[in-house]
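Taken in order, these protein sequences are the chains called S and Z. If you read the first sequence in this note's numbering, its first letter stands for residue 1, the second for the next number, and so on. If you read the second sequence in this note's numbering, its first letter stands for residue 1, the second for the next number, and so on.
There may be inaccurate statements among the hints.
With a cut-off of at most 30 Å between alpha-carbon atoms, the simulated BS3-like pairs for lysine-lysine come out as follows [claimed, not checked]:
id	chain 1	residue 1	chain 2	residue 2
1	S	LYS294	Z	LYS17
2	Z	LYS93	S	LYS435
3	Z	LYS70	S	LYS435
4	Z	LYS17	Z	LYS90
5	S	LYS232	S	LYS435
6	S	LYS165	S	LYS294
7	S	LYS165	S	LYS462
8	S	LYS435	Z	LYS17
9	Z	LYS134	S	LYS495
10	Z	LYS134	S	LYS435
11	S	LYS232	Z	LYS134
12	Z	LYS70	S	LYS232
13	S	LYS165	Z	LYS17
14	S	LYS232	Z	LYS90
15	S	LYS165	Z	LYS70
16	S	LYS435	Z	LYS164
17	Z	LYS90	Z	LYS70
18	S	LYS500	S	LYS294
19	Z	LYS90	Z	LYS134
20	S	LYS165	Z	LYS18
21	S	LYS294	S	LYS496
22	S	LYS462	Z	LYS90
23	S	LYS232	Z	LYS93
Listed next, with one range per pair, are the computed distances between beta-carbon atoms [unchecked claim]:
id	chain 1	residue 1	chain 2	residue 2	range
24	S	ASP203	Z	PHE61	46 to 54 Å
25	Z	LEU170	S	ALA127	49 to 57 Å
26	S	GLY227	Z	PRO136	15 to 23 Å
27	S	PRO475	Z	VAL68	38 to 46 Å
28	S	ASP12	Z	LEU104	58 to 66 Å
29	Z	LEU104	S	PHE10	50 to 58 Å
30	Z	ARG75	S	ASP203	27 to 35 Å
31	S	GLY437	Z	LYS90	21 to 29 Å
Since the hints were made in silico from the structure, they are not lab data. Ideal Cβ positions, reconstructed from N, Cα and C, are used throughout, including at glycine.
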Amino acid sequence: MKMDVNTAFFIDLFFHQVGLWWVVIPSIFLGLIVGAIPGFSAANTIIVLLPFTFLMDVEVGLVFMIALYCASRLGAGIPAILVNIPGTAGAAATPLDGYPMAKQGLGQRALSISFVSSIIGGLLTTAIALLTMPWLARVGFYMHSVEMVVVMLFGISLIASVAAKDTIKGLIAGFFGLMIGSIGADHVYATPRGTMGFLELYDGVPLIPALVGLFAISEAFMVIETGSFMAKDRVQTVQNANWSETIKGVRITLSRWWHVTWTSLIGLVIGVIPGAGAAIASFVAYQQSRTFSKTPEAYGTGHVEGLIAPEAANNGVTAGTLIPLMVLGIPGGATAAIMMVVMQYQGVPTGPRLFMERPDLGYGVFMAMFVTYLLMALTILPMSRYMSRVTLVSTTYMSPIIIAFTLVGSFVPREYLFDMYLAFGFGIIGYIARKTGYHVAAILIGVILGPLLEQYMLRALKMSDGDPLVLFSSPLGNTLWLVLILTLALPAFLKKHRQKAGSRS
Amino acid sequence: MSDLKTNIDAGQQEPPKKNVAGEFIIPAISVLFTLYYISTIVDSPWTAQVNAFLVGSVLLFVAAIFFVQKGLALRRHNAQFHIDFSAIPKAVKTPQTAFIVVSLLYLVFVDFLGFTLTTIIFFWVSMMILDRGKRPFMKAFIATIMALIGYAVFIAMFETRLPKGIIEQLIVGGV
Chain S
1 MKMDVNTAFF IDLFFHQVGL WWVVIPSIFL GLIVGAIPGF SAANTIIVLL PFTFLMDVEV
61 GLVFMIALYC ASRLGAGIPA ILVNIPGTAG AAATPLDGYP MAKQGLGQRA LSISFVSSII
121 GGLLTTAIAL LTMPWLARVG FYMHSVEMVV VMLFGISLIA SVAAKDTIKG LIAGFFGLMI
181 GSIGADHVYA TPRGTMGFLE LYDGVPLIPA LVGLFAISEA FMVIETGSFM AKDRVQTVQN
241 ANWSETIKGV RITLSRWWHV TWTSLIGLVI GVIPGAGAAI ASFVAYQQSR TFSKTPEAYG
301 TGHVEGLIAP EAANNGVTAG TLIPLMVLGI PGGATAAIMM VVMQYQGVPT GPRLFMERPD
361 LGYGVFMAMF VTYLLMALTI LPMSRYMSRV TLVSTTYMSP IIIAFTLVGS FVPREYLFDM
421 YLAFGFGIIG YIARKTGYHV AAILIGVILG PLLEQYMLRA LKMSDGDPLV LFSSPLGNTL
481 WLVLILTLAL PAFLKKHRQK AGSRS
Chain Z
1 MSDLKTNIDA GQQEPPKKNV AGEFIIPAIS VLFTLYYIST IVDSPWTAQV NAFLVGSVLL
61 FVAAIFFVQK GLALRRHNAQ FHIDFSAIPK AVKTPQTAFI VVSLLYLVFV DFLGFTLTTI
121 IFFWVSMMIL DRGKRPFMKA FIATIMALIG YAVFIAMFET RLPKGIIEQL IVGGV
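With the hints as constraints, model all of the structure from the sequences given.
And the structure:
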């Protein structure tokens, strides 16, 4: 099929994708559900529904997968904000400021901010991806193990921010997480390390049980003490909330358009790198947002920008992940890999041939994403008012429901009963950590990013026969090192600068 | 006059010292785990060791700072290390402890009784514990509905291979 790719082509494509609303809207709702349940993800839902996608027309099948994928990203933030349970690792940074807002009775506003920043982030990055695909795809070529080590350190440096109030305790929690993340067979010789004899840990610590245990289960145990997810004096605020709270959330987010823009761009660039993903993007975006904020001390207490940054970034990842698949034929993540299977099954090429033979499909995937985000604005935003009422449900009912369903969620990815016990174990660790003033987010950052850091570091060291100087051997890597050092030093510099300015005035 | 003296004395009383005993749990677990981890890699190739020695040594160093810091605070009487064993029997009887135990039992029984039945029982028992036995029939109804929603979502819709028991067999047989 030979087509001219011009403005008329894109306009046609847009209206064509809008015409597929009957696929997009049900997929959005399904995506919201699977995103919100820990353990489920767009990838494993698509796998379950793979036979149906084979029966669909290839275009409809792709639109279904894209809509599900985008909605699941957004859906993962909902329980993270309302009950401190991130639906996926990509939403692990969302409760840092989202949940404190919900606790203050501002759940509806927090959801609205999360939705709008996700939607704008998604729309913006999709539009940029459509226009700059060939160039963005090259980012993956320049990012080798050395550069990735620095990118991982950007994420891990968030531990230092989380630990700002009590550095020693924060560092203990973060490095404890990194040690837990090191459990499993080593990446080169498959030597088992720290597995305590459990075969189930040879592949490393599975992420979902850690996520579920540290956040959900420990939270379920904690809220029993208070009897409510929020302070008693805030209940009335939630009960009386009307549409104005949603509109206020929209207004607040739009007024911080620049913040949404640059944090979503972080997501887009990290998304392009195969294997990086939404978790690292949201941690890096949160860390950068805090670094450049005028009020970094307010992060972690319900700061609007602390909520915008991870949500915009993890939705920026969605477009980024698909770029290597579409342009180069290299899947950038699990969902992209499944899409590739569907495309191959239907005889559709990926990579440069796709844009020569089927530009309607190549560009259509991104246009479908654009349309999905537009339709999400119409369908999900009005729901924030009703969703926020979850926080009013008594913990008598919520705690058992959280425990049972999140334990099942931890069972889902590998279908091992062991993972349910593991989640419970993490729940106890999380509970002790919370009770004694350690930050569970710091432990989780270590568990998520630890194995990735080790993997990239080992690759780099292996290539150089164990010479650690390899980490400073590439110009791009060195630039990233410099940026990392500046990023770490900047908060102290800015603080001093502000103090000086304050004393002068 | 004596009242006034008592008030002055009370006003001059030092604030209670912070009990830091609980804060030692996470560092202690971290250190023990790190030492165990290192013991598993002593004879391994360097590729298996490099990360553990980097991360582990920092963790041990930071934990050492923590112990010294707290030790100094205890020595200067700025904090106290006190484990109240007499409070344990009282703590064990709280709904929170009972709920944690029931949650653990849920994991044990789900393998034998199947997902749906265990979940119904777990929901009902937990809700009764947390609400101190109020409205048992209402809670039984909610527990059943929620467990059936769980069945519909996890087993029927997403075909998760959760442990099957009598209810799953009945549903499949009925269908």
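- request: Could you tell me which of the hints above the structure violates, numbers in ascending order?
  value: 1, 7, 9, 12, 16, 22, 24 and 30
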